[in-house]
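Engineer: Chains as they are written, first to last, in numbering that gives the first Met the number 0: chain E, 0 to 430; chain D, 0 to 106.
Any given hint could be a false lead.
Said to hold, decoys possible - Every beta carbon over 12 Å from chain D, so not counted as near; a handful from chain E, in silico:
| # | residue |
| --- | --- |
| 1 | A3 |
| 2 | R12 |
| 3 | T42 |
| 4 | Y110 |
| 5 | V117 |
| 6 | K136 |
| 7 | E214 |
| 8 | V218 |
| 9 | A221 |
| 10 | E267 |
| 11 | N400 |
Claimed, not checked - Below are the DSSO-like pairs computed for lysine-lysine, each with C-alpha atoms no more than 27 Å apart in a straight line:
| # | chain 1 | residue 1 | chain 2 | residue 2 |
| --- | --- | --- | --- | --- |
| 12 | E | K104 | D | K59 |
| 13 | D | K25 | E | K224 |
| 14 | E | K71 | E | K225 |
| 15 | E | K26 | D | K55 |
| 16 | D | K59 | E | K26 |
| 17 | E | K224 | D | K94 |
| 18 | E | K136 | D | K59 |
| 19 | E | K224 | D | K27 |
| 20 | E | K399 | E | K224 |
| 21 | E | K225 | D | K27 |
| 22 | E | K104 | E | K137 |
| 23 | E | K225 | D | K94 |
| 24 | E | K93 | D | K27 |
Keep in mind the hints are simulated off the structure, nothing from the lab.
Here a beta-carbon is modelled for each residue, glycine too, at the ideal position from N, C-alpha and C.
Residue strings, one per chain:
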Amino acid sequence: MAPALCAICTESRALIIRPKNHQKLCKACFIAIFEAEIHHTITTTSLFSPGDRIAIGASGGKDSTVLASVLKTLNERYNYGLDLVLLSIDEGIKGYRDDSLETVKRNAVQYDMPLKIVGYDELYGWTMDQVVEAIGKKSNCTYCGVFRRQALDRGAKMLGIKHVVTGHNADDVAETILMNLLRGDLPRLSRSTSIVTGDESSEVRRSKPLKYAYEKEIVLYAHHKKLDYFTTECLYSPEAFRGSARSLIKNLERVRPSAILDVVRSGEDMAKLVPEQVTGISQCKSQKVSLSSADGEEEGGGGCGTNGRDSGGEMADMEKKLKEDEEASSREVDITAAASNPMNGQRHDRIPNKPESGKTRKQASGRKLTRQTLGTCKKCGYMSSQEVCKACVLLEGLNKNRPKMDIEVDAADEESSTLRRKMEGLALAAG
Amino acid sequence: MASEENILILVEFTGGLEMLFSDERKHKLSVPTKDSQGKAVTVGWLVDYLCEEVMKDSRKEMFVLDGHVRPGILVLINDADWELEGEASYALQPKDNILFVSTLHGG
Numbered sequence: 000m001a002p003a004l005c006a007i008c009t010e011s012r013a014l015i016i017r018p019k020n021h022q023k024l025c026k027a028c029f030i031a032i033f034e035a036e037i038h039h040t041i042t043t044t045s046l047f048s049p050g051d052r053i054a055i056g057a058s059g060g061k062d063s064t065v066l067a068s069v070l071k072t073l074n075e076r077y078n079y080g081l082d083l084v085l086l087s088i089d090e091g092i093k094g095y096r097d098d099s100l101e102t103v104k105r106n107a108v109q110y111d112m113p114l115k116i117v118g119y120d121e122l123y124g125w126t127m128d129q130v131v132e133a134i135g136k137k138s139n140c141t142y143c144g145v146f147r148r149q150a151l152d153r154g155a156k157m158l159g160i161k162h163v164v165t166g167h168n169a170d171d172v173a174e175t176i177l178m179n180l181l182r183g184d185l186p187r188l189s190r191s192t193s194i195v196t197g198d199e200s201s202e203v204r205r206s207k208p209l210k211y212a213y214e215k216e217i218v219l220y221a222h223h224k225k226l227d228y229f230t231t232e233c234l235y236s237p238e239a240f241r242g243s244a245r246s247l248i249k250n251l252e253r254v255r256p257s258a259i260l261d262v263v264r265s266g267e268d269m270a271k272l273v274p275e276q277v278t279g280i281s282q283c284k285s286q287k288v289s290l291s292s293a294d295g296e297e298e299g300g301g302g303c304g305t306n307g308r309d310s311g312g313e314m315a316d317m318e319k320k321l322k323e324d325e326e327a328s329s330r331e332v333d334i335t336a337a338a339s340n341p342m343n344g345q346r347h348d349r350i351p352n353k354p355e356s357g358k359t360r361k362q363a364s365g366r367k368l369t370r371q372t373l374g375t376c377k378k379c380g381y382m383s384s385q386e387v388c389k390a391c392v393l394l395e396g397l398n399k400n401r402p403k404m405d406i407e408v409d410a411a412d413e414e415s416s417t418l419r420r421k422m423e424g425l426a427l428a429a430g
Numbered sequence: 000m001a002s003e004e005n006i007l008i009l010v011e012f013t014g015g016l017e018m019l020f021s022d023e024r025k026h027k028l029s030v031p032t033k034d035s036q037g038k039a040v041t042v043g044w045l046v047d048y049l050c051e052e053v054m055k056d057s058r059k060e061m062f063v064l065d066g067h068v069r070p071g072i073l074v075l076i077n078d079a080d081w082e083l084e085g086e087a088s089y090a091l092q093p094k095d096n097i098l099f100v101s102t103l104h105g106g
């Protein structure tokens, strides 16, 4: 078979066939067009302004590594005037995140960008290893996703940065659109299509500059540019529903490669049809800017394994379960009252929280997810579309389920938390 | 060993696939030039060969599904997308570099 020549330069041998239009390209032309398209996405959506400080949610995986590399290239080539910083979340998963963080540290040197790492341990008082030890492998992705989303906001705030970019690609967006469609969740479908969440008034905006980039091309870009990225699946359980959506997308891509971008476009068109009273987004803004979804129901923000990026569907179940737990525990007056103490003792709260009665909290977490408006969490003060953010709801559940002796320990004594958890581990193992 | 009946190729696994192949990224293989029916060996033949002879891991479905390389795994033949080279029907040449990259792992 005579080698095909590049459709653009017509000189070099074609190495890449583009999924979206079957165009055959050589390596140099592919890299150029891939970068030009990201530049196009950035300029047509007015994603950045000169002087912006941007945190790149960096996991060490292919997507965020390509994002960092491309943003650095474009920032220099087109004088965006951006100050780029790598922001990594350490979920506390031994044998997974500690290895990938080494990759991010190398990336920081390779791209000459400052790196900030924030840990679940320091933010919430729990590592994911400990969460899994406490709740098992089922639905731990929900916790991880909710925590990561807020952790990125918090990390950005620590850095004084108001805009976080993540490496979500077209395949991820198509997957999320399909999942929301299959759940009949129009508000989320609407939000998941938007390239930016949050607006000028939000503390931290988020965006996905790779939203229209095929995962296949991201991997090929990383390969041909010889980028240093990390590839190991998260050790914890895959999310079955997302896995199925993912397989469906990949199977569709094989038969009809343009399907992925077609799903993204369909999602965007459907989003426009979702009435404002459902999304809480004003129609005139819905194409570009949507309500911030700080609670983690969207993608987790670059950094989780393939299977764990979304937690939306399980969230409702989780809330129901937590509400039931709460109702059950409210019958045991003493335990409920005592349980609120370790919560306040966690380093979860950087902003001092006001004391709350158990009653208020109960009403808050029992709210229905109908209309969502942006506000701040009553407990931790971070962005939330509900009175109490999902991170706080989940944390409360986690802390409440600690053994009783736990509650008697002085919760303000932070040094004791590690010991407590060891004791808890023993108690669990014994049980 | 290095008779006319064998060709040397380099097979590489990345993107997480290496874990299915003894955590080794690069495998130098000496493969016969002809298959059992006397036809020139192809990438399709190689995929079967890798499954049967090289992969120690039992999770074959993470590499091959329904007789095809699993969707989401890219195959590059000397750096070119195998779709440009006739996919599974490409006949292996001496010193070929066949790269399997999974796109399915975390971002």
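Engineer: Please go over all the hints and tell whether each is borne out by the structure.
Structural biologist: For each hint, the structure was consulted:
1. Its beta-carbon lying about 6 Å from the closest one in chain D, A3/E breaks the requirement of being farther than 12 Å from that chain.
2. For R12/E, the condition that its CB be more than 12 Å from all CB atoms of chain D is violated, with the nearest at approximately 7 Å.
3. A cut-off of 12 Å between C-beta atoms confirms that T42/E is not in contact with chain D; the least separation is 24 Å.
4. The beta carbon of Y110/E is kept farther than 12 Å from every beta carbon of chain D, the shortest such distance being approximately 17 Å.
5. At the 12 Å boundary, the C-beta of V117/E stays outside the reach of chain D, the nearest C-beta of that chain being 19 Å off.
6. At roughly 17 Å from the closest C-beta of chain D, the C-beta of K136/E stays outside 12 Å, upholding its exclusion from the interface.
7. Listed as a non-interface residue, E214/E fails to keep its Cβ farther than 12 Å from every Cβ of chain D; the least gap is roughly 5 Å.
8. Annotated as non-interface, V218/E brings its C-beta within 12 Å of a C-beta of chain D; the closest such distance is 5 Å.
9. Look at A221/E: its CB is around 9 Å from the nearest CB on chain D, not clear of 12 Å, so calling it non-interface is violated.
10. Once the 12 Å rule is applied to beta carbons, E267/E is consistent with being away from chain D; the minimum gap is 21 Å.
11. With a closest Cβ-Cβ approach of about 28 Å to chain D, N400/E is found to remain outside the 12 Å limit, as its non-interface label requires.
12. Simply put, K104/E and K59/D have alpha-carbon atoms about 34 Å apart, too far for the 27 Å limit, and the pair is violated.
13. Distance restraint check for K25/D and K224/E: the Cα-Cα separation of roughly 19 Å lies within the 27 Å cut-off, and the hinted pair is therefore satisfied.
14. Under the criterion of a C-alpha separation no larger than 27 Å, the hint pairing K71/E with K225/E is consistent with the structure, at around 15 Å.
15. The suggested pairing of K26/E with K55/D is violated, with an alpha-carbon distance near 34 Å, which exceeds 27 Å.
16. Taken as a hint, the K59/D and K26/E pair is broken in the structure, with Cα atoms around 32 Å apart against an allowance of 27 Å.
17. The hinted pair formed by K224/E and K94/D meets the criterion: a straight-line CA distance of about 23 Å does not exceed 27 Å.
18. Straight-line distance between C-alpha atoms of K136/E and K59/D comes to about 24 Å, which keeps the hinted pair within the 27 Å bound.
19. For a cut-off of 27 Å, the pair hint linking K224/E to K27/D stands: about 24 Å separates their Cα positions.
20. Pair hint K399/E plus K224/E does not hold up; C-alpha atoms about 49 Å apart against a cutoff of 27 Å.
21. A threshold of 27 Å between alpha carbons decides the hint, and for K225/E with K27/D the separation of about 21 Å falls inside it, so the pair holds.
22. Distance check on the hinted pair: K104/E and K137/E sit about 31 Å apart at the alpha-carbon level, beyond 27 Å; violated.
23. For a cut-off of 27 Å, the pair hint linking K225/E to K94/D stands: about 21 Å separates their Cα positions.
24. Only pairs whose Cα atoms come within 27 Å are accepted, and K93/E paired with K27/D is rejected, the gap being roughly 32 Å.
Violated hints for the displayed structure, listed by number in ascending order: 1, 2, 7, 8, 9, 12, 15, 16, 20, 22, 24.
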